[in-house]
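4 protein chains.
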Amino acid sequence: MRQLDKFRVTVPLRVRYAETDPMGVVYHANYLSWFHEARDQLLINLGVDIKTAGHTGYIMPVVEVSCRYHYPAHYRDEILVSAVPEETQVARFIVHYTVHLKRHSRLLAEGTTVNVLTTPEGKLLLRLPEHFQVLGKRLGAESHR
Amino acid sequence: MRQLDKFRVTVPLRVRYAETDPMGVVYHANYLSWFHEARDQLLINLGVDIKTAGHTGYIMPVVEVSCRYHYPAHYRDEILVSAVPEETQVARFIVHYTVHLKRHSRLLAEGTTVNVLTTPEGKLLLRLPEHFQVLGKRLGAESHR
Amino acid sequence: MRQLDKFRVTVPLRVRYAETDPMGVVYHANYLSWFHEARDQLLINLGVDIKTAGHTGYIMPVVEVSCRYHYPAHYRDEILVSAVPEETQVARFIVHYTVHLKRHSRLLAEGTTVNVLTTPEGKLLLRLPEHFQVLGKRLGAESHR
Amino acid sequence: MRQLDKFRVTVPLRVRYAETDPMGVVYHANYLSWFHEARDQLLINLGVDIKTAGHTGYIMPVVEVSCRYHYPAHYRDEILVSAVPEETQVARFIVHYTVHLKRHSRLLAEGTTVNVLTTPEGKLLLRLPEHFQVLGKRLGAESHR
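Chains as they are written, first to last, in numbering that gives the first Met the number 0: chain A, 0 to 144; chain B, 0 to 144; chain C, 0 to 144; chain D, 0 to 144.
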């Protein structure tokens, strides 16, 4: 479904030494933790209190991730991680990411994650619990009733 | 293209504390480093000397990764990471992974990576350099000429 | 106080790619997570059920760590991490570590950690709660009364 | 020897989700990578070109680290990592760190690292090579001749 660009957030990060690998570039798995920072900022902006979300008893695991890498990031590079949510009718939270080098705006990588909501035992929730209903309101589930 | 199951390798790992997150389960980005361990074992089995590969001046970056997560892994779980290469005609190395819990053989995750070969400056190689030609021989590029 | 060598445990590990840094050697912070694996194996051997320890409401944070690095570890090296507890009269758990290369038994690093027990709010416990009393019994607090 | 407070640097960081552990706090090993960020900023301020240091053929490994943890850091906390070098007459680079919570200035941890200079083969250098002589000049080795 379509991306809701009005909710785009961009998080600035600086590459840390511990994120680089023997090739001298950022190890590819670390982009997923960068996506995480942008996704949580997006959740906050959308009105989800992520600090207290754990107290609801529900969890929001990543169930799918994909990433394409275009150009490597190096130690101390300043980067910009953007996240845009996808419109959704169901209890899935789909986010698209781009990672740019701040200098020159070079595109380094782009990716997607899908999160769902489950009980602590891992049972999938098909309807958004109260704490997360703001997501449904803003990402389109409500607007199409 | 088809998966070459005869080259399947399986690497056993035990989940480390440092790999788990505040939900008490393995942080999703860590599966990518598990894939890496299985992929390098696969390269070794296929005849690529990964210890000296760096001396060739060529590098083999991951350019695409995807993963679907079915069930969480927990601290100290014994897991099995399997890797199977895909047949290929070009200088791309495509590998498919499954992650199972050793106990019960439960499927935890499955994923795919694509690696290419580049010069240190990032210029894509369209033909396999000598050090890596064994890959072409075994994964089909040569056999279909 | 003296080290209780009879409780020594040794955990074998293999260096993963994601643990190495741009110098091509294991990033020094990763030795602390190796210590963790050996320490938890030690706790298990001493009779502490670490799987259910979290349910007691008490936590056992590391409050001090030190490490001296003698020789670097490389990707795919097989290493042995040994942990030996120190005799103790108080609610502190002091462990000494050595890290050896399996091949040649070369000493790579040695270190020490100190853990205490606290409430979830971080209040220090001066007496061991029931779940952890086995530590006091085995590490000397009881035997010197 | 005495700390050279005039060279103190402070690096701001925000705690990332991937740095936290099942206790919901920053995993203790991650403080070492925070120290690294402050140490490299200190080297830059002292005049060492760390981008080209690798080209000299010399490396600067951490040979000792210690850390005491006073209070845990949590996800999204804004923290300040300060580094102060110690005066030195020899080819050792000793740095002391403090980690504070930005809000309330609460002290979270303090630590020390020792780095040396070696050839790529690990042979210890007793005199600073040219690229690093600025360290000797500024940290006292020259001024006491």
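The hints are simulated quantities; they were obtained by calculation from the structure and are not laboratory data.
One should not assume that every hint holds.
A partial selection of chain B residues facing chain C, derived with a Cβ cut-off under 7 Å [to be verified]:
#1 Tyr16
#2 Ala17
#3 Ser32
#4 Glu129
#5 Gln132
#6 Lys136
Below 30 Å or equal to it, Euclidean Cα-Cα: the simulated DSSO-like pairs (lysine-lysine) are [said to hold, decoys possible]:
#7 Lys101(A) with Lys122(A)
#8 Lys101(B) with Lys122(B)
#9 Lys101(A) with Lys5(A)
#10 Lys50(D) with Lys5(D)
#11 Lys5(B) with Lys136(B)
#12 Lys101(B) with Lys136(C)
#13 Lys5(A) with Lys50(A)
#14 Lys101(C) with Lys101(B)
#15 Lys101(C) with Lys122(C)
#16 Lys5(A) with Lys136(A)
#17 Lys101(D) with Lys50(B)
#18 Lys50(A) with Lys136(D)
#19 Lys50(A) with Lys122(A)
#20 Lys101(A) with Lys50(D)
#21 Lys122(B) with Lys50(B)
#22 Lys122(B) with Lys101(A)
#23 Lys50(A) with Lys122(C)
#24 Lys101(C) with Lys5(C)
#25 Lys122(C) with Lys136(D)
#26 Lys101(C) with Lys50(B)
#27 Lys122(D) with Lys50(D)
#28 Lys136(C) with Lys50(C)
#29 Lys101(D) with Lys5(D)
#30 Lys136(C) with Lys5(C)
#31 Lys5(B) with Lys50(B)
#32 Lys50(C) with Lys50(A)
#33 Lys50(C) with Lys122(A)
#34 Lys136(B) with Lys122(A)
#35 Lys50(B) with Lys136(B)
#36 Lys50(C) with Lys5(C)
#37 Lys122(D) with Lys101(C)
#38 Lys122(B) with Lys50(D)
#39 Lys122(D) with Lys50(B)
#40 Lys136(A) with Lys50(A)
Where a beta carbon is used, it is the ideal one built from N, C-alpha and C, also for glycine.
Restraint check for Lys5(A) with Lys136(A), where alpha carbons must lie at most 30 Å apart: Measuring from Cα to Cα gives roughly 14 Å; hence the hint holds.
Hint check: is the beta carbon of Tyr16(B) less than 7 Å from a beta carbon of chain C? holds, 5 Å
Does the structure keep Lys101(C) and Lys122(C) at a Cα separation of 30 Å or less? The hint is violated at about 41 Å.
Given the hint that Lys50(C) pairs with Lys50(A), does the C-alpha gap stay at or below 30 Å? At roughly 25 Å apart (the allowed maximum being 30 Å), Lys50(A) and Lys50(C) satisfy the hint.
Sort out whether Lys5(A) lies within 30 Å of Lys101(A), counting only the CA atoms. holds, 21 Å
Would you check the hint for Lys136(A) and Lys50(A), treating anything up to 30 Å between C-alpha atoms as holding? Holds - the C-alpha atoms of Lys50(A) and Lys136(A) are around 20 Å apart, at most 30 Å.
Verify the proposed pairing of Lys122(B) with Lys50(B), using a straight-line Cα cut of 30 Å. holds, 22 Å
Hint consistency between Lys136(C) and Lys50(C) [alpha-carbon to alpha-carbon, up to 30 Å]: Judged against 30 Å, a Cα distance of about 20 Å means the pair holds.
Does the structure keep Lys50(A) and Lys122(A) at a Cα separation of 30 Å or less? holds, 22 Å
Decide if the proposed pair is consistent with the structure: Lys5(A) and Lys50(A), CA atoms, cutoff 30 Å inclusive. holds, 24 Å
Is the hinted pair Lys101(A) and Lys50(D) satisfied, with a Cα-Cα distance of at most 30 Å? Answer holds: Lys101(A) to Lys50(D) is near 18 Å, not above 30 Å.
Between Lys122(B) and Lys101(A), is the straight-line Cα distance small enough, at 30 Å or below? Holds, at about 22 Å.
Violation of the numbered hints given earlier is confined to hints 4, 5, 6, 7, 8, 12, 15, 17, 18, 25 and 34; the remaining hints are satisfied by the structure.
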